[in-house]
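Peer 1: Residue-level listing of the chains:
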Amino acid sequence: MASDRTLSPETRERTTAPALSGGERGRSGGRRRSRPRAWLPLLPVTALYLVQFVLPLAVVAVTAFQTSAGPGVITSDLTLGNFRKVLTDPFYLEMLGRSFVLALGTAVLTVLLGYPIAWALARGRSWMRTVILVVVMTPLMTSSVVRSFGWMVLFDPESPILRFFGPLADERTGLMYTMPGLLIAMAHVLLPFMVLTLYGIIDRLDPTLEHASLNMGAGRVETFLRVTFPLTLGGVFAGMLLVFATAISTFVTPKLIGGTQYRVLATEIYEQSVQLLNWPLASAMALLLLLIAALTNFVYASLTRRIPGGG
Amino acid sequence: MSRVCPQHTGGGKPAVGRRRFVAALSVLATVVVAAACGSSPSGSTGDGGYSGTLVVASFGGSFDEALNEVVVKPFEKKYGVKVEVVTVLTSEVMAKLRAQGARAGYDVVQFSGGQETEAFELGLISPLNGEVATNAADANPAAKRADGKIAPAYAFNTTGIIYNTDKVRPAPTSWDVLSDPKYAGKVGIPDISVTAGQNLLISLARINGGGESSIDPGFDALPALLKNSRSVFGDGPTMTQLLGQEQIVLSVFDSGYGYLLAKKGLPVRFAVPDKGGVLYGLTSQVVKGGAQEKLAWEWVNFQLDPQIQVAFAERAGYAPTNAKAKVEGELKKLLPLSSAIDRLEPSDAKAVAENRAAWTERWNKIVGKR
Numbered sequence: 061m062a063s064d065r066t067l068s069p070e071t072r073e074r075t076t077a078p079a080l081s082g083g084e085r086g087r088s089g090g091r092r093r094s095r096p097r098a099w100l101p102l103l104p105v106t107a108l109y110l111v112q113f114v115l116p117l118a119v120v121a122v123t124a125f126q127t128s129a130g131p132g133v134i135t136s137d138l139t140l141g142n143f144r145k146v147l148t149d150p151f152y153l154e155m156l157g158r159s160f161v162l163a164l165g166t167a168v169l170t171v172l173l174g175y176p177i178a179w180a181l182a183r184g185r186s187w188m189r190t191v192i193l194v195v196v197m198t199p200l201m202t203s204s205v206v207r208s209f210g211w212m213v214l215f216d217p218e219s220p221i222l223r224f225f226g227p228l229a230d231e232r233t234g235l236m237y238t239m240p241g242l243l244i245a246m247a248h249v250l251l252p253f254m255v256l257t258l259y260g261i262i263d264r265l266d267p268t269l270e271h272a273s274l275n276m277g278a279g280r281v282e283t284f285l286r287v288t289f290p291l292t293l294g295g296v297f298a299g300m301l302l303v304f305a306t307a308i309s310t311f312v313t314p315k316l317i318g319g320t321q322y323r324v325l326a327t328e329i330y331e332q333s334v335q336l337l338n339w340p341l342a343s344a345m346a347l348l349l350l351l352i353a354a355l356t357n358f359v360y361a362s363l364t365r366r367i368p369g370g371g
Numbered sequence: 253m254s255r256v257c258p259q260h261t262g263g264g265k266p267a268v269g270r271r272r273f274v275a276a277l278s279v280l281a282t283v284v285v286a287a288a289c290g291s292s293p294s295g296s297t298g299d300g301g302y303s304g305t306l307v308v309a310s311f312g313g314s315f316d317e318a319l320n321e322v323v324v325k326p327f328e329k330k331y332g333v334k335v336e337v338v339t340v341l342t343s344e345v346m347a348k349l350r351a352q353g354a355r356a357g358y359d360v361v362q363f364s365g366g367q368e369t370e371a372f373e374l375g376l377i378s379p380l381n382g383e384v385a386t387n388a389a390d391a392n393p394a395a396k397r398a399d400g401k402i403a404p405a406y407a408f409n410t411t412g413i414i415y416n417t418d419k420v421r422p423a424p425t426s427w428d429v430l431s432d433p434k435y436a437g438k439v440g441i442p443d444i445s446v447t448a449g450q451n452l453l454i455s456l457a458r459i460n461g462g463g464e465s466s467i468d469p470g471f472d473a474l475p476a477l478l479k480n481s482r483s484v485f486g487d488g489p490t491m492t493q494l495l496g497q498e499q500i501v502l503s504v505f506d507s508g509y510g511y512l513l514a515k516k517g518l519p520v521r522f523a524v525p526d527k528g529g530v531l532y533g534l535t536s537q538v539v540k541g542g543a544q545e546k547l548a549w550e551w552v553n554f555q556l557d558p559q560i561q562v563a564f565a566e567r568a569g570y571a572p573t574n575a576k577a578k579v580e581g582e583l584k585k586l587l588p589l590s591s592a593i594d595r596l597e598p599s600d601a602k603a604v605a606e607n608r609a610a611w612t613e614r615w616n617k618i619v620g621k622r
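Top line first, the protein sequences correspond to chains A and B.
The letter at position 105 of the first sequence is residue 165 when you use our numbering, and the numbering goes up by one with no holes.
The letter at position 153 of the second sequence is residue 405 when you use our numbering, and the numbering goes up by one with no holes.
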């Protein structure tokens, strides 16, 4: 970090303090005895993870290669047909693309909306923080069904807010069953995750760094672009990853806002598994969705490693 | 740490505390068990010397509320037993019965989509026990299932048109109203994932010269409807919201639901179109080899009782199947289905089951493309 050189010794100590003390604790504890104790508390959650997540996922992975012989009937003939269907039929391929665009779009939208909010939360007066916190957290405390029903009213073609969206809205259905509508509703749901992630980073940011930048003759905008923002990039990426992974698998909001006309993969997995009982096809879709999420995670992780303050 | 809580002493203070705690727990457990046993009927009070619990698979929501009020409570009282109503999708019940049979834990399974025939052919449900289910003899011929080899339907339902009485005039009489330009953008269409959507497709096929086994005319007629539609909804509550806010004034759905909406005070009525409509029935079937088979047949008989059927019609909007059940006065007006049963045709459950997945994919591609 270039800016490190300009810091006072005191500031440098503050920014690096947690890492140092953590290392010290590890050394003084003695390796032989501390190691088993470290994994012991993890045992219950590991067991739960194995039973609740790894095992079902393994079943899904196997099922994805099996053949469906009618609703609810699986034969053990191994096939790649389920994957072939999703990846070659334009209908399903489009859904896969939509899921990706929706998740990425929601991540970008929540950063754009969430950064200023997180900033105000970290730097604002205390009464302002309270107001913002309440406003930001309310969506988390409302059922997603209720929230979506609210949007359904606002997205109606006759709704007054639609004038602001002009060409984005569909003439007959308004913002219902459209990508812009889905993006707005999803950003609303997931904004708290982004704001809280960014808030943690911005709040920990040492204001003296900005003061130093201003002191050295940079303007406010330049200070933000060259000091503040780069230092919070780690939070931006972490927040985007969190939002992306949640958005790509979210089911209720796309089901209600996208409905039957604008399907994403998550809603299609539900329909295939619960309504049509084509478990092999649903499993293949689920695996593909997981693959996208994992790949994105991987790309992000390698990007984040190059960013100052990230990782 | 080790000073406060000795690990190898049997007698110290903490151990006594633990023993007392365990004792208290076991007393509590005994009380709970006793209370649970006390609340379950002992069997000697009701008719027929039955006891225990009857597990009934049902559809959930407001349907179960009506079922509970009109059927479950009087049944429990009459037979001195407990009825446990479990909400579960029919497709899921079928999968469970196939995998586990009676061990799946259901005594009675209710069907609405005609899957009972398939269930009988697979040997999952019992043939009709006419000795216990004596009311089955009075069932309307259209209520017979699997040529009368299994329990008949206890209620009729149909898919038709729910319309806003202020905005839609005259009252609709045919499916054509759905593509009437007068109501452009004001029509609701049920998705094929719900029974009403499936029945709409069959009806469209029927009025255009096809049917369950030649569905193409139905799909050909679909785009004209979609052009007029505001929404292709996947569940009743969404439709209710659209109707309530007059975002739609016409919608295709089930008669029972239309009845309930009218009863709740929405300005809507249900119309049975003159041609092509699908008559379907709700049936209760007895799971083969269940521990409560005889009691399950009493349940079936209870639902086939004319008085219970009229009460159920009043409460939930389904038409009775028992020829002795009389629907009169105001109820007859609100329940147009009760006088339209003869001109409606049931659907070919087998063809529907075989084609459902293919129809769904084809439907989704047409609906998604608009």
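Do not take every clue at face value.
As the list claims (entries may be wrong) - Pulled from the structure, derived: some chain A residues nowhere near chain B, Cβ distances all over 10 Å:
| no. | residue |
| --- | --- |
| 1 | P267 |
| 2 | R323 |
| 3 | L336 |
Said to hold, decoys possible - Taking beta-carbon pairs under 10 Å as the criterion, some of the chain A residues facing chain B (in silico):
| no. | residue |
| --- | --- |
| 4 | F311 |
| 5 | V312 |
| 6 | K315 |
What the hints assert, rightly or not - For each label pair, taking beta carbons as the anchor points, the in silico distance ranges come out as:
| no. | chain 1 | residue 1 | chain 2 | residue 2 | range |
| --- | --- | --- | --- | --- | --- |
| 7 | B | D418 | A | R144 | 17 to 27 Å |
| 8 | A | Y330 | B | K584 | 49 to 59 Å |
| 9 | A | Y330 | B | E580 | 35 to 45 Å |
| 10 | B | G517 | A | P240 | 48 to 58 Å |
| 11 | B | P379 | A | G130 | 34 to 44 Å |
| 12 | B | G496 | A | R183 | 43 to 53 Å |
| 13 | A | V205 | B | K479 | 45 to 55 Å |
Hints listed in this document are in silico derivations from the structure and should not be mistaken for laboratory results.
Please read all numbers here as calculations on a predicted model, not as lab measurements.
For every residue, glycine included, the Cβ atom is placed at its ideal position computed from N, Cα and C.
Peer 1: Run every hint past the structure and note whether it holds.
Peer 2: Quick rundown of the hints versus the structure:
no.: 1; hint: P267; result: holds (43 Å)
no.: 2; hint: R323; result: violated (6 Å)
no.: 3; hint: L336; result: violated (5 Å)
no.: 4; hint: F311; result: violated (12 Å)
no.: 5; hint: V312; result: violated (12 Å)
no.: 6; hint: K315; result: holds (7 Å)
no.: 7; hint: D418(B) with R144(A): 17 to 27 Å; result: violated (52 Å)
no.: 8; hint: Y330(A) with K584(B): 49 to 59 Å; result: violated (40 Å)
no.: 9; hint: Y330(A) with E580(B): 35 to 45 Å; result: holds (44 Å)
no.: 10; hint: G517(B) with P240(A): 48 to 58 Å; result: violated (35 Å)
no.: 11; hint: P379(B) with G130(A): 34 to 44 Å; result: violated (24 Å)
no.: 12; hint: G496(B) with R183(A): 43 to 53 Å; result: holds (45 Å)
no.: 13; hint: V205(A) with K479(B): 45 to 55 Å; result: violated (29 Å)
Of the numbered hints given earlier, the model fails hints 2, 3, 4, 5, 7, 8, 10, 11 and 13; all others are met.
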